[in-house]
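S.K.: Chains A and B are the protein sequences, given in the same order. As numbered in our numbering, residues 1 to 274 make up the first sequence, in order. As numbered in our numbering, residues 275 to 607 make up the second sequence, in order.
Don't take each hint at face value.
Partner residues aside, some chain B positions facing chain A, computed with beta carbon under 8 angstroms [what the hints assert, rightly or not]:
#1 Ala414
#2 Asn527
#3 Leu544
#4 Ile564
#5 Met583
Label-pair restraints from in silico Cβ distances [to be verified]:
#6 Ile12/A <-> Arg450/B: 46 to 54 angstroms
#7 Val166/A <-> Tyr505/B: 35 to 43 angstroms
#8 Ser34/A <-> Lys565/B: 44 to 52 angstroms
#9 Ala442/B <-> Gln114/A: 53 to 61 angstroms
#10 Gly130/A <-> Ala285/B: 31 to 39 angstroms
#11 Asp57/A <-> Ser297/B: 39 to 47 angstroms
#12 Thr451/B <-> Asp57/A: 35 to 43 angstroms
#13 Ser154/A <-> Glu462/B: 55 to 63 angstroms
#14 Gln108/A <-> Phe372/B: 28 to 36 angstroms
#15 Leu138/A <-> Thr451/B: 39 to 47 angstroms
#16 Asp446/B <-> Ser154/A: 55 to 63 angstroms
#17 Asp57/A <-> Lys472/B: 25 to 33 angstroms
#18 Thr431/B <-> Asp57/A: 37 to 45 angstroms
#19 Lys162/A <-> Ser297/B: 36 to 44 angstroms
Derived from the structure by calculation, the hints contain no laboratory data. Glycine is no exception: its CB is placed at the ideal position from the N, C-alpha and C atoms.
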Amino acid sequence: MKKLFKNRSFVIGLCVFSFFVVLALLAFIWTPYSYQEVFEGAALQGTSSRFWLGTDDLGRDLLTRLLIGAQLSLGIGLLVGGISIVVGGSLGIASGYYGGRIDQILVQIMNAIQALPSLLLALFVVAILGGGVLNTILSVTLVSIPVMFRLIRSAAQVEASKDYIVSAQALGASDFRIMRSHIFPNCITPILVQTAVCCSEAILNTAALGFLGLGIPAPYPEWGTMLSDAKTYIETAPHLMTWPGGCLLLLILSTQLISDGLRDQLDPKLRGRS
Amino acid sequence: MSILSKVLKLALSFIFISLMSFSIIRLIPGDPVTHLIGERGASEETIQQIKQNLGLDKSVPEQYWIFTTNAIRGEFGESIVSKQPIISEFKVLWPATFELALVAILWSSVAGIVLGILAAVKRNSFWDYGAVSLSTIGFAMPVFWWALLVIFFFAVTLGILPVSGRIAIEYDVPYRTGLYLIDTLLSEDKGAFLSALKHLVLPAFVLGTVSLALIVRVTRSSFIDIQKEDYVRTARAKGLQPRQVIFKHIFKNALPQILTALGLAFGQLLTGAIMTETIFSWPGLGRWLIKSIEARDYPAVQAGLFYSMLIIILINFVTDELIKLVNPRMRGA
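Can you build the whole structure from these sequences, using the hints too?
M.R.: If you want it as structure tokens, here you go:
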């Protein structure tokens, strides 16, 4: 654990990520204005003492909207990561442990889901179900589960073939017990790494759906949706584009650095490869 | 693996994608017919008429059979929005996407492989750090923001390159291949060629950077791995030129991994094309797909799903075969 905090990319990633978490939490207590509050005659303003980061095309405070956007992105990222652990992780462990027919059926289902690139699949899910907050989260989660499943399954497979599992079985431990207290703790490394990956994928896909106008609907200030609005004003008010985009890049970058660092430190075999 | 089992595998994939795109319309909550009619409603007769036109009055297996046989012939019915047969829309849009993707994958694979090799050979140098930071940032970069930045820099600030469409409006290119770069060259219209080229630069640059990060990373890490192998040491020890070692020994062995990455990059390119085409108003399949989804044009969405899965399965198949071709060790698999 101590070594982990000496890993440069992990520490940088964690710092940036925590910064966004603090901002998002802060926004629950305090924001300069309300994210829906429209100031008449103050549209498309630059930085000023009244609006720290300026205003958008309708005259809403950009800083406020960025902060609420951080809540949305982080919330969705963590939620999707969490659901993926629970669903993808437990299916993966079961699939790796039992093997046989259950394993094959699950692998086929996951392969089918993964036949399309993640954003394309999310798009089709939204196309079928329609937009909205819940459907966006649902589609982003659906594409993230197979990613988690695959990695955990192969880790569980390796673990399940080891001798101590056989001895646990010989001692009469139930399958559930073996999976919970033997396989799961030994798969924690790939699970942690993969959670960070799923989280960053989820944030990116949500923003991409928002940018295409098919994600989180207005008036929620989702960063992707904000970027899509900013496109029109790229010549007159480029700050509308730089702030949400920069935040998005930093947040995704930080989750990726965290997952890279975790992988480097926790999995010695991969150390020094990238 | 015999040819028979390959054919069988492709046939199974085909059945799978036809099932998926067949069920998509039937997964929509509620009745598809009411969706088609819209808010205004219609008489019972019209509803029956529409059902008959869509073939919804038949049994499900029968519907599936009709859908699949039509799909093989490339017929997905008419688009609800444009009232045109979908296949004829495809014929116009497909070359645009193909041209964009081809230029993007060409420049990014050449640049990515060169940069990856440079980084691996000159480890811990300026090139290495440059390549690593480039691929790290490239992986995290949302392509739509990248496109906006590029537009802002090249088009708004410098004002040198166009940012929408495939060619300036005054040129009229006779349709031959549908690829404007080739069509304009064939018609020997210099101005039109330059215009087409200028319009292509920014979208292709943005789209290519999506795959660049992946290709750089894979090339670099596989090169670093292979450099440690005994046969590379032997090759160096017997006095081969560094260039010979790099190209004859390391590159040949890294090629399967690079090809796998290229196959993956093509999949990414498909998603990237949706973004890039939407932002640059490039009249291709990606933008059409988004428009169809927005308009709830279900036959079009169905066809889009079918074709994108078909393309991905074909790309996977081709990359698998290519890898076997360059890597004798994989041939038995």
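S.K.: Hints broken by the structure, by number, lowest first?
M.R.: Violated hints (numbers, rising): 2, 8, 9 and 18; every other hint is consistent with the structure.
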